[in-house]
Structures are given as structure tokens and as C-alpha cells.
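Visitor: Listed below, chain by chain, are the residues.
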Amino acid sequence: APLPSLPLSPQAAMTKLGQWLCGLALLGSAWAALALAPPGLQVPTPLRQALLPLPVYLLVAFGCYSLATVGYRLATFNDCEEAAAELQEQIRAARADLARRGLRL
Amino acid sequence: LSVLLPTYNECDNLPLVVWLLVRTFRDSGIDFEIIIIDDGSPDGTQEVAQQLEKIYGSDKILLRPRARKLGLGTAYIHGMKHATGNFIVIMDADLSHHPKFIPEFIRKQKEGNFDIVSGTRYKGNGGVYGWDLKRKLISRGANFLTQVLLRPGASDLTGSFRLYRKEVLQKLMEKCVSKGYVFQMEMIVRARQLGYTIGEVPISFVDRVYGESKLGGNEIVSFLKGLLTLFATT
Numbered sequence: 001a002p003l004p005s006l007p008l009s010p011q012a013a014m015t016k017l018g019q020w021l022c023g024l025a026l027l028g029s030a031w032a033a034l035a036l037a038p039p040g041l042q043v044p045t046p047l048r049q050a051l052l053p054l055p056v057y058l059l060v061a062f063g064c065y066s067l068a069t070v071g072y073r074l075a076t077f078n079d080c081e082e083a084a085a086e087l088q089e090q091i092r093a094a095r096a097d098l099a100r101r102g103l104r105l
Numbered sequence: 001l002s003v004l005l006p007t008y009n010e011c012d013n014l015p016l017v018v019w020l021l022v023r024t025f026r027d028s029g030i031d032f033e034i035i036i037i038d039d040g041s042p043d044g045t046q047e048v049a050q051q052l053e054k055i056y057g058s059d060k061i062l063l064r065p066r067a068r069k070l071g072l073g074t075a076y077i078h079g080m081k082h083a084t085g086n087f088i089v090i091m092d093a094d095l096s097h098h099p100k101f102i103p104e105f106i107r108k109q110k111e112g113n114f115d116i117v118s119g120t121r122y123k124g125n126g127g128v129y130g131w132d133l134k135r136k137l138i139s140r141g142a143n144f145l146t147q148v149l150l151r152p153g154a155s156d157l158t159g160s161f162r163l164y165r166k167e168v169l170q171k172l173m174e175k176c177v178s179k180g181y182v183f184q185m186e187m188i189v190r191a192r193q194l195g196y197t198i199g200e201v202p203i204s205f206v207d208r209v210y211g212e213s214k215l216g217g218n219e220i221v222s223f224l225k226g227l228l229t230l231f232a233t234t
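Those protein sequences? They're chains A and B, same order as listed.
So the first sequence is residues 1 to 105, counted in the UniProt record's numbering.
So the second sequence is residues 1 to 234, counted in the UniProt record's numbering.
Bear in mind the hints are in silico, worked out from the structure with no lab data behind them.
This list has only true hints and no planted wrong ones.
The calculated lysine-lysine pairs, modelled on BS3-like cross-linking and capped at a C-alpha distance of 30 Å, are:
| # | chain 1 | residue 1 | chain 2 | residue 2 |
| --- | --- | --- | --- | --- |
| 1 | B | Lys100 | B | Lys123 |
| 2 | B | Lys123 | A | Lys16 |
| 3 | A | Lys16 | B | Lys171 |
Generate the whole structure from the sequences, applying the supplied hints.
Guide: Right under this line is the structure:
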């Protein structure tokens, strides 16, 4: 049986879900370490207070970004008027030509 | 160049698509063949295809019909078996994809030596005709979700107007298992996994000259399921 080939890079072997979970675990543990202040870790209070609501802020920020992006893309979604008109013309020409060449529907 | 045209109930559109393809290729001097894979259409599509074969010659129009509706993936595999071109174009046979973009695909492919050239409705002067606001919103929303979750490196994942190197398409067909919209998405995602290069060309998508195109709740649900599956498995 052929040997399994090595992935080109660590990223190649991980699924997108895996990447998300890793990223969230990393950020989550960093946030927990600093914001939730486990005993033994000296975290300055202003820093802790700023970090605590950060996940919610980021979520809301992402939500706003999503709405803005989709809204913008929706507004700038091109309408191909000329393409449709051109197609209608070509359909007429095609029908006539095909009839001449012997197409019977 | 081989064009794969899977058809189901396209007796009105098929002759028009073929006429446009032939004209485009003759005008640009591209050597071509058109492979029509009809899944036993009850509306007489196969008879129309036979007439087209007589008109344009059986070296240009190849008929590879099947008995019943068996799905797009297997239609591609079936059609490719007898394709003699080095490149394969897949497109819809309902006039939503215009053959005039194929020379642009070829030009783009040469420019970057791409393995795949994908037509995109979302970039440059690509666009659609015949979609209401709701349809456009669903499209942009779904695409945004796909971009966030899969980071695919291509702007239009559900599009099905593409040029592939023959070996690339064959390799991808072996690996892809999804159906419907998700199938087209999976092709691009797997292509990236395998290290293939993808170029993009803006296209205009003219929806349903004949007949109605509906995007029902069922399709949205199966799209989401497929998206999550790709998210978790690739």
C-alpha cells in the first residue's frame, strides 16, 4: 500500500473547523487568563476591566461588519441590462439561422 | 476544447446555446467539440440534439445521452470519457451562461497558466439580470457566509461556468461527493486543497430566459448543510 503523503504545511491538514477551534481556544484562553484573573496572576485592574467585555464587543463589531459588507455588496450588485437585451437579439438571429439550416421543433 | 452540456428539459434553449457556441468558436478560430449529456428529457431535448448533430456534424456535436436524471457530477464524468480536448468548459444549457465569455476564459488561462478559470458574478463588471432584491440578498448573504467559513480564494463559489484543464477536472471529480450548489463549491475548495491555481473572469448571468428559476427553502437548507459539511471536513 502507498505511504500516506505528508501535508505540505500544518495548515493543509487541518479543517476550517479545526482552524476556528484552535484560534478560538488560543484567544479564549488568553482572554480567560487575563480577564478572569485566576489567583496567582497579577493583572492590573484597568486592563482586566477593559478585557472583560471584549468578546461581546468583537461579536457585535463582526455583526456590524457583516451587515455593512453584505449591504454594500447588495447595493453594488451589477444588473446586466445590455447582456439581456443582446441575448434577446441573438436568440432571434439564432432561430432564423437554425430554421434555414433545417432545424424543426 | 470540449464543452460539456448536461441537459434536462432544454429543448427550447439547447439549439440556441449550441448556435451561440458554434458562432463564438468559429469567430475566434478555436477548435472545439460540444458534448451533450441529456438525462432522458421527456420534452424532446434528445431529438433536438440529434438534429443539431446533423446540422453541425458529429465531429463537433457529440451526443452522450443517459436513460434518466442521474445528477450533474456523474454527467460530467460520463461526458468526459469521450472528450478529446485539453480543456473542458462546463456551463449551464439554459442561456444563463453566454458562450462569448469562453474566449475570455481561455485568454485568462493563458495569462496565468491557471488550472481552473471560474466565471464570477460578484467581481469586476460581473453581474446578473432578472433577480429581484430578495434573490440578490440571499445570494450575497450566502456568498459572504461561504467566504467567512471557507476562505476559498475565489469570489463566486456556486457558479457553474468554468474552464478546467482536463486532468484537473478528472482528479476533482474523483474527490467530490456533494450535490447541487454545494458540488460546485466543493470543486473549488478541493482544487485549492490540491494546490491548483484558479483565475477569475467576470461574467453576466442572465437568469431563465424561458421558464422560472426558483430558490426555495429546501435549496437554502441543503446549501447550509453542505456548507457546514465542507467547513467541518476540508
